[in-house]
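Peer 1: Please model the entire structure based on the sequences and the hints provided.
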Amino acid sequence: MLLRAVLFMSLCGCTVAMARAADVPEANALSLRLHRRLKQATTGTYALRQQDVVWDGHKTAVVVCDMWDKHWCKGATSRVAEMAPRMNLFLEAARRKGALIIHAPSACMAAYKDHAARRRAQAAPKAANLPKDVGGWCRGLPSEKGHTWPIDQADGGCDCEPKCKGGNPWRRQIDTLTIRDEDAISDSGVEVWNMVEQRGIANVMLVGVHTNMCVIGRPFGLRNMARFGKNVVLVRDLTDTMYNSRSAPHVSHFTGTDLVVEHIETAVCPTVASDQVLGGKPFRFKADRRPRVVLVAGETHHYGSEGNLRLLTEALRRKHGMCATLLVVEGQHDLHGAELIDHADLLVLYVRRRVLRAEQLKHIRAYLEAGRPLVAFRTTSHAFALRKGKGPEGTDGWPRFDRNVLGCNYAGHGSGDSEARAAPGAAKHPILTGITGPYRLQETLYRSQPLLEGTTLLMMGRSLGSKISDEPVAWTYAYKGGRVFYTSMGHSTTFQDAWFLRLVVNAVHWAMGSDVPAK
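Counting from 143, one number per residue, gives the positions in the sequence shown under the numbering used here.
Quick caveat, the hints were computed from the structure, so don't treat them as lab data.
Treat the hints with care, since some could be wrong.
Unchecked claim - As a list, the in silico DSS-like pairs of lysine-lysine whose alpha-carbon atoms are at most 25 Å apart:
| # | residue 1 | residue 2 |
| --- | --- | --- |
| 1 | 212 | 307 |
| 2 | 305 | 181 |
| 3 | 287 | 212 |
To be verified - Have a look at the derived ranges for each label pair, beta carbon to beta carbon:
| # | residue 1 | residue 2 | range |
| --- | --- | --- | --- |
| 4 | 553 | 291 | 47 to 55 Å |
| 5 | 511 | 181 | 34 to 42 Å |
| 6 | 231 | 531 | 43 to 51 Å |
| 7 | 660 | 168 | 52 to 60 Å |
| 8 | 216 | 317 | 15 to 23 Å |
| 9 | 660 | 234 | 31 to 39 Å |
| 10 | 566 | 388 | 39 to 47 Å |
| 11 | 567 | 305 | 32 to 40 Å |
| 12 | 558 | 655 | 36 to 44 Å |
| 13 | 181 | 608 | 37 to 45 Å |
| 14 | 511 | 271 | 52 to 60 Å |
| 15 | 248 | 528 | 38 to 46 Å |
Treat the numbers as computed from the prediction; the structure is a model and nothing was measured.
Each residue gets a CB set at the ideal place from its N, CA and C atoms; glycine is no exception.
Peer 2: Here it is, written out as C-alpha cells:
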C-alpha cells in the first residue's frame, strides 16, 4: 500500500522547503500530524493549526540532543532518566522506518572516538551546499522578532531547592538510549549537515534537552535546521526545559516547557508527538500532575469568545497550576486539535452555530458520553446547531445540545443590559463562593426556560432593557453522570469583571471535583 505525502510549504513568515508530495511505501512511512500556530487574519492572534504529512523514513533523521548521563542539575538529570525509555522506543521505531539516528551528546565525543557511529559522522564528505553559519549557535530567527521569549532562564533554570551547584559533569549519553553501529554520533553542526546531505535527507526530528537552550539553539538545533531549509520538527513530549518555577512567569516547570513549545510552534517550526509513531498516549512526566483543561472557542458574533477564553487560559495556567490548552475553530467547520480532548480532565466550550467535521465532533461526543465534566458559556446552548438546514457533507451537528447536555431550552434573548444575582437558597453552593451580587451586565438576557429536572439553579438574571421575565443565568446539571456548569453570561465586558472570573474559576474546580479556592 502506498501513502500520499501531503506537505505544507510555509510557516511563521519564512519559507520551509517541504519535500515534494510523493508515494511513500508503508514500510517506510512516518505518518505525522504537525502542530503549528498561525496568525489569524480576523483577530491577529495565533491559533493552533494542524497539517497531516507523510515522511519517508529514508529521507528522515532524528537528532538526539544532549541526553547526557549526568547534568549539574539533579532535577534535569532525573527527568532525562525518566524520559529515556520512551525515547529509546521512539528511536527504535524511527530506525525501523529507515531513519538515520544521530546521537548528539555535546562535549562527549571522546567517549565514542572508536565507535563506528562516530566514524560515520567524521567520514561524511563535505556538502556542496554547506551553510556558512551551520557550525555555530543560532540565537534567534527573523520569524521570532516581535515574539517575546516566554520564560526567564537567566539563573540557569535549576528548579531544585537548594539550587544545585553548576559544572560540566556529563561524559557520555545516557546508556538507556541504544546506539547502533548504523547510527551516527556527532555534536558538530557541520558534520550533521554533511551526513544529512550525503543521504538526501530532507526531514529532521529533534528530541532531547533542553528545549529552551540547546535543542533550539545548537548548531544542529531547530533554528539552524529551519533557516537552512530542512523540514524540521520538535517532538514536543520528548523534551524538557531548564526553567526554574520561581522565575518569571512563575508557573509550573512543566507549564514553562509548554510555553517554550508554543513559542517554537509560533515562530520557529512545527511540533509532533511520540504517540504518532508509537501509538498509546504522549509521554508525560510523573511529577506533572496538572489537571488538563482543553478550551474551545468558536464564535465570531460579537461576544469575543476567543479573547475571553484566552483570559481564562492564562488564569488557569498562571494562577491555578493547570495545563490549559486553547483551541480555536477555523472558519465554520474545522476544530484543529480536537483529539486533545480525549485526554482532557475538563472541557470548556464557548461555541456558536458551528457544524464541525464529523470526525472532530466525535471527540466531543465521546468525551461527554463518557460522563466527563464540562464548563460552557453563553452561545454554547446553540453551539452545534445552524439556524436553517444542514452543514456541508462530512460535517455533523448537535441541534439539541442545550436540552441534551446543558439541561435548558434556548429560545433567543431580550435586548439591552441585564443584571445577575445569586438565586434564593443557592448562596452556599461551592461555585458561589465569594459571589453575591447584584451585578450589572452589558449583555442581553438569554431565554433558557424551562430548565430540566436535575438542574441546580445558581444565579438569576433580570433584563434592564426589555420586558421579559427573569431568567436563570447560571446552573449545574449532570450529563451521563458528568458534572456540567453552564452560564448564559459571557460577553467580553463581563469577562473583565473580577467577580465573573472568580465564578468561572470556582466552576472549573467544582466540575473536576476539586476544592474551590477560598479566595
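Peer 1: Mind listing which of the numbered hints don't hold for this structure, in increasing order?
Peer 2: Violated hints: 2, 3, 9, 11 and 15; rest satisfied.
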